[in-house]
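So the protein sequences, as listed, match chains P and C. Per numbering that gives the first Met the number 0, residue 0 is the first one in the first sequence, and the count goes up by one each step. Per numbering that gives the first Met the number 0, residue 0 is the first one in the second sequence, and the count goes up by one each step.
Just so you know, nobody snuck in bad clues.
Lysine-lysine pairs mimicking PhoX-like chemistry, simulated, CA-CA at most 25 Å apart: (1) 139(C) with 193(C); (2) 104(C) with 117(P); (3) 132(C) with 56(P).
By construction, these hints were calculated from the structure, which means they are not laboratory data.
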Amino acid sequence: METGRGDEVKLIGMWASPFVLRVKVALNLKGVHYESLEEDLPFGKSQLLLDSNPVHKKVPVLLHNGKPICESLIILEYIDEVWASAGAPAILPSDPYDRATARFWAAYVDEKIFASMKGALITESDEKRKALVESTLVGLGSMEEALDRRSKGGKFFGGESIGFLDLALGSLVGWLRVMGKACGMNFLDPDRTPRLAGWAESFCEADPIKDVLPDTDKLVEFRKTLQAAMEAASAAAAAAATPATPSTS
Amino acid sequence: MGDARVKLLGSWASSYCHRVLLALRLKGVEFEYLEEDLSNKSPLLLLHNPVHKKVPVLLHDEKPVAESVVILEYIDETWKENPILPEAPHDRSVARFWVHFVEEKLGPAIGKVFQSAGEEQKAAAEQVSEYLKLVERELKEGRFKGRRFFGGETIGILDIVLGCGSYWLSVLEQVAGVNLIDVAAFPCFHAWLKEFESLAEVREAIPAQERLLEHARSVRQMMAMMTAPAWTKTEVPTAVSDEAAPVALTK
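My request is simple: use the sequences and hints to build the entire structure.
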């Protein structure tokens, strides 16, 4: 058994990361005490991070008694398997079909919604941004339908309590609000996706989330920091690529 | 066997479908196989996978499960014989990590080699090499050191996911003329692949190389006939994208 009071749990993370947020909330749901190790992204990566996740060098990384677990959804499955006692709520449902459904949609969140959202926030092309915003909205529309069909009653995808898919999508709400401010629209508009809008409110107000949810205005500021860092990096890359000006003879 | 409880919608050349076929065979699950014509998708496929409209789709008592890795986990949880995921949570997380690596990094990089030419292809091949080095290291001195398979003495989910795309490497070498797995550079990977391909269940699940070779050649020819300046995934027509491409960029 991997549980017990002798457990040492650390989370290598970064306050603005939605993927780190998933793990924080999952640990909170299970009542697991952990030490939070904050990375100084985008400015640097600690040796611990590089050693713990040499393949991707990304947060979050969960360190459980020194052993690293990487990739947020994989960490969620790990947390659910390790801290699976009568007292702790389950993150994934028990029925295999329901688990498959949750996993399917969580993959969709990452591959469709997050990918489009990230692209829209990064791209400098107006045309591409428009397409990616549209793609994000399509993705959210699918989640609205999924919520309508699958929640079996209850405020969350997981039913009465927060589950795997709630964590997957809910962690993006802050950044969807950032994107909304950038584009001058509401990505969780109650007129377009009423159930999802209500769900987002419930998620953000829930106990395991409200203390760790990053403030939207702080995320907006952080985005500016990221953009400046990216611009500096591409300017440096461009300068390095430019051949030296030959001196006049 | 018209009323089979388990059905698989698939496409004969799709490595994603081979994964599911292999898992079902390993577990001794009886199922009915339904071949999809990807250029003319059946109402059944569109009904059961409206989001992606792709194969494979597993139907269990008419309830659909889509996305090959999701299906593999479902199969493992539903039919307990010959488990394909390890028992210990940390070992499971490691297997899932490398499965995700194949899905997100290695697979798409191999797909890019197939779909590109010239300098772009050279860069894509180098990327494949970098990724394979990581896998090689895990086999040689890392988490999977000394094992016959990634799953141990018997194959597991990572063997299935990596194995059902790896035979494409030699097909691609012949079709695209790019050397991707130099035996000298990747001895452990080669040894593992030989073990994997020697299994009866694997030989039954995966079509003969000549058929795959012919298929890959015709797909690449179709791509070449298009006058797009660079071969990218978005420019490939639906009939030959994703499921039909040897290693698709998405599932």
